[in-house]
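Trainee: Take the given structure of chain A and dock chain B to it, following the hints.
Protein chains in written order, with the working numbering: chain A, 1 to 448; chain B, 1 to 448.
Hint data in this document are derived by calculation from the structure and do not stem from the laboratory. You can take every hint at face value.
Cut-off 20 angstroms, straight-line C-alpha distance, at most; resulting in silico cross-link-like pairs (EDC-like, lysine to aspartate or glutamate): (1) Lys-253/A <-> Glu-382/A; (2) Lys-253/B <-> Glu-226/B; (3) Lys-198/A <-> Glu-133/B; (4) Lys-225/A <-> Asp-264/A; (5) Lys-176/A <-> Glu-65/B; (6) Lys-176/A <-> Glu-288/B; (7) Lys-243/A <-> Glu-382/A; (8) Lys-198/B <-> Glu-141/A; (9) Lys-64/A <-> Asp-183/B; (10) Lys-333/A <-> Glu-222/A; (11) Lys-64/B <-> Glu-168/A; (12) Lys-64/B <-> Asp-183/A; (13) Lys-333/A <-> Glu-133/A.
There are 2 protein chains.
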Amino acid sequence: MSANPRQLHLNAFLRNVGQHEAAWRLPETDVAAVTDIEHYRNLARIAESGKLDAIFFADHPVLKERSQDRPWDALDPFTLIAALSGVTSHIGLVATASTTYNDPYGIARRFATLDHVSRGRAGWNVVTTANAEAAANFGFEHHPDPAERYARAAEFLDVAYGLWDSWEDDAIVGDKEGGVFVDPDGINRLDHVGRHFKVAGPLEIPRSPQGRPVIFQAGSSEPGKELAARYAEAIFTAQPVLKDAQVFYADVKGRARSFGRDPDKIVILPGLSFFIGGTEEEANARQETFENLTLPTYGLAQLRRVTGIDFTDHDLDDPVRIPARAEVAGDHKSRHDLVHRLTSTETLTLRQLLRRLSAGRGHRIATGTPDQVAATIVEWFEQGAADGFNLIPPSLPTSLQTFVDEVLPILRAKRLFREDYEGTTLREHLGLDRPAVGERNRFAAAAE
Amino acid sequence: MSANPRQLHLNAFLRNVGQHEAAWRLPETDVAAVTDIEHYRNLARIAESGKLDAIFFADHPVLKERSQDRPWDALDPFTLIAALSGVTSHIGLVATASTTYNDPYGIARRFATLDHVSRGRAGWNVVTTANAEAAANFGFEHHPDPAERYARAAEFLDVAYGLWDSWEDDAIVGDKEGGVFVDPDGINRLDHVGRHFKVAGPLEIPRSPQGRPVIFQAGSSEPGKELAARYAEAIFTAQPVLKDAQVFYADVKGRARSFGRDPDKIVILPGLSFFIGGTEEEANARQETFENLTLPTYGLAQLRRVTGIDFTDHDLDDPVRIPARAEVAGDHKSRHDLVHRLTSTETLTLRQLLRRLSAGRGHRIATGTPDQVAATIVEWFEQGAADGFNLIPPSLPTSLQTFVDEVLPILRAKRLFREDYEGTTLREHLGLDRPAVGERNRFAAAAE
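Chain A with its partners taken away, still in its complex shape:
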C-alpha cells in the first residue's frame, strides 16, 4: 500500500440520535435509542464496517437548557466508549473529558485502562468545558474564565503525561523462579507540585499499548490553538468556510513547528455534517425535512447562548440582523462571528436563520449527491484545510449508514481512504508514532 497517496482520516462523531436538533422527530428515529446500548453498539459496528479511524463522543456534564426540545448526549462518554470496546476490535475509541471538572490522576488512570482494555484504541478529546452551568455540579462558585481553564488544562496535561510515563515498557520482569515481578528501577515517580495540582504518582498501571491515549483537542480559540499546538495529536475544529479552515490549518501546523514538533503528526479534522440524496434536489429536500421539524424555542436558546442576545420577542417572520461581537476573547467567538456574517450578507428572517443554523451548528455542511459530498471532502483535503474530518451525521443510524454505503466507496475509488485497517491501534490508523517514555517532557523542555 506504500504507493498510496496521502490518506484521509475519518471519525464518526456520534451524538445520541443525531447531531441535528430535529433528528428525533423523523419517522425512522427510535427516541428510546438515546440511552439504549444496542443503538450505540450498532453505530460502532457501522463505523467499524466502514473502517473509520475512530468513533468520537462529546461530554456534557450538566443537563442543558431546553431538554424538552430534543435529546442530548445523555450517557457519560467515557463509560459508553469503554463498554463499546468489548464489541469492536479495530476502530479507535475517543471520549471527551474535561480538565476543569476532573482530577488528573483519575483521568490518567481511566484512559490508561481504556487503552489496555481496548488494546491500544483509546483517545482523549481534551476540553475545558464551555457550559458554564456545569460548575454548579462540581462545587465551583463560578465557571472559571477561559484563561484560567486553559492554564489548568496545560498543567493537567503535564501531570497526565507524567503519569503515563510512570512505567518503562520493560518494567514487568515476571521472573517466577527468582521471585521478581517488576523491576523497581523501571518505575518513575512523578512528584508534581504545581499551581493547580499536587500529584505524587507513579500511576499503578503498567504502560499501555499506545504509550498514552491519542490526545485530541477541540476548541478554536486563541488559548485553544496554543494548547493544541503544544499537546494535541489530533484536532477537532468547527470550520464552515474553506478559506478560514486553510488559515486555521496553517496556523496550528506552524505553531506546532515552533514547539519543535513535526506538523504531520498533528491531524486536523474539521467537523462535517452532510445531507445526501440521489440527486441534488433530493439532498436539499432531505435537509429541508430536518429543518421543517425544528422547534424555534430550541433555536432561540442556542442563539442566545452563542450571541448573548435574547430574541424571544422578535417576530419569527421578521428579518433579523445579529450585531458584531464586542469582545474578541470568549467561548463562542467563532460561532458569533458566523451568525453575524450570515445575517450581514443575506437578509434572513429569524425563522430562516434558526433553520439555517440548525443544520451544522457552526460546522461545514455538505448537501448533495454522494459525489458532491465526496468532492467537498477531497477539496478540503487537497487544498490545505484538512487531514480528514470528524463526520457529524445529522441522524443516527441512518445518515452514518448512508455515508458508509455511498460516500466511502467514492473516496476508496480515488485511493484516498483505506480498504481495510492496516494496524490495530488508533495511533496506527492516524499515522502517529508510539511515544517513548519521557519524550514529551524532553520536547516541552526544549520549547520553553
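Mentor: For chain B alone, kept in the frame of chain A given last:
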C-alpha cells in the same frame, strides 16, 4: 421455582491473577494476564457460566509498596467492568470506588451510565479508601482519618442518591408530533449544599434500569457498619471465624431494622477463599504449594501495614507474638486482632505466620474436597452468618474454574443455588427491589 428454599448469593471477587500473593509464581499462571483484557473476559465468562450473581473488582488508586513481589489490581476497576459489560449478558458488574478520592457528580454519572450500558447490572462497592498513600495522588496533604472519611462518605451517598433520583421514570415523553421530548416536570433538581459538597443537579442521565446501582459496602469498622446499615444493599466483610460472623450478621441486620429498613434487603457476603482437592490431602497440598512460593518481603510489608510493627529484623524461624492493639478505632483493627489471636493461641514462627496469613488475608479459608468447601458454605448460610459469599479465588482462572465445576453442582443438588438466571438485573439476582424515586430520602428522613 417458588418452592425453592432461600437461595445463596455468590460473587466472584477477581484480583488480577488471583488473591494469593504467590499465585503469579505457579507454573500455570500467565503473568502478562494482569493487564490483558482477554484474561478478564475469560474470568467473566467463567463466572457467568456458573450463573454467579456478580463479578466484583477492588480499587487501589495508588501503586502499593513491594510491587516487585507480586501483581496487583493494575487496571481501573470501573473502566474494566464497563468494558466487560460488552461481553456478558446477565452477570452483575460491581466496581469499587472511593468516596474520598472522587466527586459525587462524576461517580453518580458514571455508575448511572454503567447501569444503562449493562441494562441493569451495575453495582458500586462504596469504600473510603484505606491506603493512606493514595492521598498523595489526589492533592491531599494527608489521608483523612476514618471519622472524616465516613462523614464525607455519608454526604457523598446522599448526593449520589439525590442525583439518581433526578428523573421520574416516565419523564421521557418522546412526542414527535407535538415536539415534546421530555416533560420538564419529571426532572428534579437537587440543589444540595452540605459540609463537603455543593451540587445543583439534576443528573443529565434519565433514570437507569435499576433506578440506581446496587450499593455494596466493604468495611467492618464501627463507622463502616453504621454506613452499611443506612445505605448498603449488600455487604462484603472479612470474617474468618463463624461465631464472629454471626455477631456481625446480627449486628448489621439489627442496625438496618433500626433505620426502618427490611433486613432481608441487605445481603451479607463474607469473603471466602478456598483450596480444593480431590481429597483433603490434595487440598492441603494445594494450599501448601501456594504458601511455599510466598516471598517474606511481601508478607513482612503486609504485617507492618496491619500491625504498624516492622519485623524485618526478626529471624524468620524464631517464634513471634503480635501484641494486642492499643487503640480501638482505626483501619486495620479486625485484622490486627486476627494476627494477635493467631499468635496468642498457637506458637508460630514468623515464617509460619506469614505463610498462614498469605492464604486468606483476614478472610475465611475453606481447604478440602468440593464437599467440604460446600459444607462450609452451607454451614455459614444456615447458621446466621452469611447470605452468601464473595468468593476469592486464590489463583485465576484456575481456582474459579474449579469452584464452578466442582462446588456449584453440590450447592445446586441441595437446591441452594440457581440453575440459571431468573432475571436480567443485579437487583433481581440479589432479590432486591427496584427503588422508587425519592424512596431513600423518605426512609432516611424518617430515621433521623
